[in-house]
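My request is simple: use the sequences and hints to build the entire structure.
Residue numbers (my numbering), protein chains in the order written: chain E, 29 to 368; chain X, 71 to 316; chain G, 369 to 724.
No lab work stands behind these hints: they were computed from the structure.
Every value quoted in this text rests on a predicted model; they were computed, and no experiment measured them.
It is possible that part of the hints are untrue.
As the list claims (entries may be wrong) - A short, non-exhaustive set of chain E residues, derived as facing chain X with CB atoms under 8 angstroms: (1) A205; (2) K243; (3) L246; (4) R249; (5) Q253; (6) D254; (7) E256; (8) M257; (9) E259; (10) S260; (11) L261; (12) G262; (13) R264; (14) F345.
Said to hold, decoys possible - Now the stretches of chain X that chain E is said to cover, found in silico as 3 or more residues with beta-carbon under 8 angstroms: (15) 141-152; (16) 166-173.
To be verified - In silico lysine-lysine, DSBU-like type, Cα no more than 35 angstroms apart, as pairs: (17) G:K490 x G:K414; (18) G:K414 x E:K341; (19) G:K525 x E:K173; (20) G:K490 x E:K243.
Backbone N, C-alpha and C define an ideal beta-carbon position, used for all residues, glycine too.
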Amino acid sequence: MSSTATTAPAQEALPKVKADRLPWLLVPLLALAALPLTGSFSTWITLTFAGLAMGMIIFIMASGLTLVFGLMDVLNFGHGVFITLGAFLAVSVLGRMAGWTESERLALNLAAVLPTLLVAMAITGAVGMVFERVLIRPVYGEPLKQIMITMGGMIVGQELIKVIWGPQAIPLPLPAALRGSLLMGEAAVEKYRLIAVVVGLAVFGLMSWVLSQTKVGLLIRAGVQDREMVESLGYRVRRLFVGVFVAGSALAGLGGVMWGLYQQTVTPEIGGVMNVALFTVIIIGGLGSVSGCFVGALLVGLVGNYAGFLAPKVALFSDILLMVAILSWRPRGLYSLVKS
Amino acid sequence: MSAPLLLQLEGVHTHIGAYHILHGVDLEVAPGELTVLLGRNGAGKTTTLRTIMGLWRASKGSVRFLGEDLAACATPEIARRGIAYVPENMGIFSSLTVCENMVLAARGARRAEAMDPKRLDWIFGLFPALRRFWQHPAGLLSGGQKQMLAVARAIIEPRRLLLVDEPSKGLAPSMVQNLIAAVRELKQTDTTILLVEQNFNFARQLGDRVAVMDGGRIVHAGSMAGLAADEGLQHRLLGLSLSAHQ
Amino acid sequence: MTPGWLLSGDLPRSRVLAALLVLIAAGLFLAPFVFPGAKAINVAAKICIFIVLVASFDLLLGYTGIVSFAHTMFFGIGAYGAAIALNLMGPTWKAVAAGLGAALAVSLALSLVIGLFSLRVKAIFYAMITLAVATAFQTLASQLSDFTGGEDGLSFKVPQVLSPSFSLRDTPFLGVDLNGKLICYYLLAAAMVVLFLIMLRIVNSPFGRVLQAIRENPFRAEALGYRTVVYRTASNVLSAGFATLAGVMLALWLRYNGPDTSLSFEIMMYLLLMVVIGGMGTMYGAVVGTTLFLMAENYLQDLLKLASGAASGVPFLRDVVHPDRWLLWLGLLFILSVYRFPAGIVGKLRAGRGAP
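Okay, here's the thing in structure tokens:
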């Protein structure tokens with residue numbers, strides 16, 4: 029069929045496809061390094077689970093942000109609004125189901141929590157769609173205006189939340205069966221932290237599956253690398269972006285619910301104060317990389333908790349110190365996706 | 071002059087920021103032919119392709135494809151009308167596998183299995199390296215192999231027009247031969263190609279028609295045979311530097 | 369000494385704007401005599417201080433096109449510099465000078481480092497980095513309690529002439545006590561005028577024009593031979609310097625400084641709102657925006673209280689116009705400004721009055 033002149037050199041050896049697992053090793057390495065420093069095994073277990081749980085929740089909040097930035101170079105300084113909204117929605121929805129949340133039966137608790145999560149995600153997703161249409165779409169390609177308008181969105185969003193729920197902190201108690209700890213030998217691990225880890229892994233698993241096994245995921249990965257080429261291949265990246273933005277907002281809402289339950293108190297600033305931590309995580313992970321975001325979030329959670337125990341004064345800067353350390357090793361983040 | 075034109079540019083001006091790159095480009099591409107857009111660096115060849123593709127907007131003039139003005143269309147729409155673009159930097163997604171790159175290019179396929187097997191076989195025949203590296207990240211391919219992948223992506227599904235930007239640039243001579251053979255086979259499938267090149271010796275082996283660009287304008291248009299036969303014209307238009315390209 | 373020379377050729381170019389500026393200037397200079405009470409003079413002083421701060425921010429954002437969230441950090445360095453010096457060295461002018469000098473040195477050095485390091489990266493990264501640095505600095509300030517007074521901040525005395533107990537004359541003049549506070553106020557007002565005019569001169573100089581060229585098209589500017597990194601760093605350093613001076617002014621007025629008085633993110637947000645609503649890249653926008661914003665912060669609430677009272681029957685409406693939610697309205701105005709009035713109030717006034 030073909031008459032291609034093969035003047036290419038004789039069969040060259042196929043290069044070994046080495047998956048870049050190095051960044052993943054950082055998590056267990058960090059945990060192991062902290063073990064001798066913390067002294068007791070049980071303390072270490074408690075701290076590690078606290079760090080992992082916090083890291084998982086941070087990942088859920090940040091995952092949308094990294095894809096949104098990787099795909100369209102849009103940094104939503106108002107991302108915290110979705111987190112706050114999610115947390116307050118949890119207050120409202122769970123509040124109505126006091127009967128089920130106060131019950132000791134796990135099944136009833138879950139029957140209350142699951143709809144809460146779904147409602148929070150649905151509403152924050154919808155708000156995300158409005159946010160993108162009204163605030164972000166008009167300023168595509170103008171980074172200065174983007175920064176300012178998303179900041180403005182944050183201010184207005186926060187004030188509107190105060191209008192609806194009031195400016196004061198509101199308690200958000202955990203459902204009864206989810207409170208308390210499990211004993212692992214001498215170590216006490218809070219039940220909720222275990223749940224957070226499970227949920228985080230589930231979200232990461234789902235995102236990884238979508239990204240690697242579906243055409244939409246393929247489009248997102250390609251778009252993060254070279255948006256122009258994806259458009260030249262005939263795909264409307266703008267529409268894809270809206271979808272990713274909405275998903276990211278919904279995930280932030282989910283993160284908000286979980287964070288609110290973790291803190292057991294919800295304030296209108298709960299999302300805004302996460303901004304710096306979230307930006308740190310997505311920079312550490314490499315913009316546009318979900319795996320990087322995951323590893324980065326776990327590292328931030330672990331370092332925060334270990335430092336909080338070992339050297340509380342340093343703990344306040346632990347985010348930034350970690351970022352400097354990682355960027356010194358890999359200047360573009362743990363998993364950099366080179367834009368051609 | 072019998073067949074209707076596939077692509078027609080009339081008086082196209084393109085500005086990029088403050089720079090005025092195209093100064094009234096008139097270009098005609100007839101169906102089934104391979105037209106070469108020849109010229110030195112900075113003549114505006116790549117800008118012309120990008121303007122056709124909608125990546126940059128023409129500030130004046132019209133770009134007509136099958137008689138319809140593309141001015142109002144965004145890049146994805148232009149691609150969907152049947153134009154495939156192989157940019158100068160090849161646009162390979164290096165973190166995706168060769169297979170994934172191809173699946174992306176095959177708009178009709180949701181998964182690798184859904185791509186036309188006959189067409190794939192034909193492509194593997196043209197570019198055997200792609201079959202070898204099918205599951206490997208495209209970033210591991212050599213420059214020449216990446217160029218093959220870029221062309222393969224453009225032909226995995228039938229397209230009416232291929233825009234190819236300097237495919238021979240930086241390729242080893244053996245690779246260039248492969249490329250020429252592949253393009254010749256492509257031409258047999260009645261694909262229309264607009265090929266941008268600096269290398270006259272590469273272009274003359276493939277082109278049916280030629281348009282020479284200089285300073286953002288077309289300074290000569292005619293048959294390739296005509297230009298190839300007229301050395302004096304070659305020197306006047308292209309300067310000695312170009313024919314020194316091997 | 370024509371208006372043209374004084375304003376470095378940068379005239380208001382709109383009769384309404386000119387009238388507004390004259391009104392604001394008159395209001396500020398006559399405030400202690402025309403508006404009685406402690407609140408009025410406090411608001412007026414704050415306006416003077418923030419005009420300098422916002423104008424310095426306009427230099428960076430409006431004229432050079434750089435969004436930096438670290439601006440309040442330099443404000444805080446100035447305030448802390450004066451506070452720490454006056455605290456350690458006692459209420460003398462030497463202390464003020466020492467604090468000023470030290471603060472300027474720190475600001476200049478820090479802004480130089482940040483500028484050279486970060487101005488090479490994309491705008492969004494620069495914004496994130498400055499946000500992180502500013503947050504870290506605020507944490508640092510509240511942690512080094514021995515030095516900075518920690519969360520509680522530092523209270524200190526100012527030089528005798530400026531302190532409220534000082535009295536120029538025993539009897540009031542036109543109904544106002546001629547005490548140190550009054551003197552301090554006029555010192556701030558004078559400083560504000562001088563610093564503003566200097567900044568006006570800077571943005572209307574060849575240097576200022578290059579900045580604007582860089583803002584519009586950095587590639588072109590680079591191609592024309594201007595080292596953009598140098599100019600942008602210089603702009604960074606200059607704006608940090610003026611912000612530091614504003615900080616010293618703040619410390620002298622409040623006789624107190626803490627992490628929240630000068631370093632809070634809230635203030636950074638307010639700066640953004642003021643400069644955009646007033647009009648970016650105009651300098652006069654800083655004057656108009658600051659006055660509007662601070663008047664709103666302090667007096668809009670009274671207006672909203674009336675509205676809220678009137679709407680007390682309708683729950684949602686009542687909450688939306690609640691006086692505590694004044695920021696909501698300003699936030700909406702801000703978004704509108706970014707969207708449709710990039711040149712803010714000043715731009716709108718100029719456009720509507722047959723401006724060139």
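Hint check results:
no., hint, in the structure
1, A205, "violated (42 angstroms)"
2, K243, "holds (5 angstroms)"
3, L246, "holds (6 angstroms)"
4, R249, "holds (6 angstroms)"
5, Q253, "holds (5 angstroms)"
6, D254, "holds (6 angstroms)"
7, E256, "holds (6 angstroms)"
8, M257, "holds (4 angstroms)"
9, E259, "holds (4 angstroms)"
10, S260, "holds (5 angstroms)"
11, L261, "holds (6 angstroms)"
12, G262, "holds (4 angstroms)"
13, R264, "holds (5 angstroms)"
14, F345, "violated (33 angstroms)"
15, 141-152, "holds (count 5)"
16, 166-173, "holds (count 3)"
17, G:K490 x G:K414, "holds (34 angstroms)"
18, G:K414 x E:K341, "holds (34 angstroms)"
19, G:K525 x E:K173, "violated (43 angstroms)"
20, G:K490 x E:K243, "holds (31 angstroms)"
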